[in-house]
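Peer 1: Going by the working numbering, the first residue of the sequence shown is number 105, and it counts up by one from there.
Simulated from the structure, these hints should not be mistaken for lab results.
Be aware that a few hints might be false.
As the list claims (entries may be wrong) - Here are the in silico distance ranges between beta carbons for each label pair:
no.: 1; residue 1: 200; residue 2: 176; range: 19 to 25 Å
no.: 2; residue 1: 200; residue 2: 229; range: 55 to 61 Å
no.: 3; residue 1: 211; residue 2: 171; range: 55 to 61 Å
no.: 4; residue 1: 144; residue 2: 196; range: 40 to 46 Å
no.: 5; residue 1: 168; residue 2: 124; range: 26 to 32 Å
no.: 6; residue 1: 189; residue 2: 224; range: 34 to 40 Å
no.: 7; residue 1: 161; residue 2: 123; range: 19 to 25 Å
no.: 8; residue 1: 188; residue 2: 133; range: 42 to 48 Å
no.: 9; residue 1: 134; residue 2: 170; range: 23 to 29 Å
These figures come from a predicted structure and were not determined experimentally.
Don't be surprised by glycine CBs; every beta carbon is placed ideally from N, CA and C.
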Amino acid sequence: MRIGDYLHPAIAHVRHVDPDLPRSMRGDPDDLGTAALAEFLAPAVIISKDSVFNRCGLALPADQWIEEAQRLLLAAGYEADFADAAVVAETVACGLFAGIGAVKRAVGRYPLPATGIMLGVAFVPGTGRDG
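Make the full structure from the sequences, and use the hints.
Peer 2: Set out below in structure tokens:
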């Protein structure tokens with residue numbers, strides 16, 4: 105099989121290097137591997153200074169690179185913020201449940217001192233209902 109027989113039609117024109125063609129229609133066979141990989145991984149964004157990808161419609165125009173990179177960084181920042189919040193929530197929940205479990209075990213093991221402590225806390229000024 106020739107290389108053109110199994111290439112995706114979207115990247116087949118990257119092979120055309122005829123100097124008689126206008127520059128906007130000329131390809132570059134050196135970039136065929138990158139174009140094939142990008143088409144295989146589609147939807148992929150090629151960011152390159154090589155204008156053949158832009159001319160062939162496989163890359164964003166140069167003025168849109170920065171906008172696309174900013175959107176990707178913003179999305180990564182949101183994801184990182186949510187991941188950080190989830191870790192903090194999990195840590196707080198684990199600590200809270202461990203503390204509750206420890207108090208429950210202590211009350212079960214030492215019921216008389218625990219009752220005394222609860223009664224003492226109830227009668228300390230500022231902590232009871234009559235505050």
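Peer 1: Which earlier hints turn out false for this structure, listed by number in ascending order?
Peer 2: 1, 2
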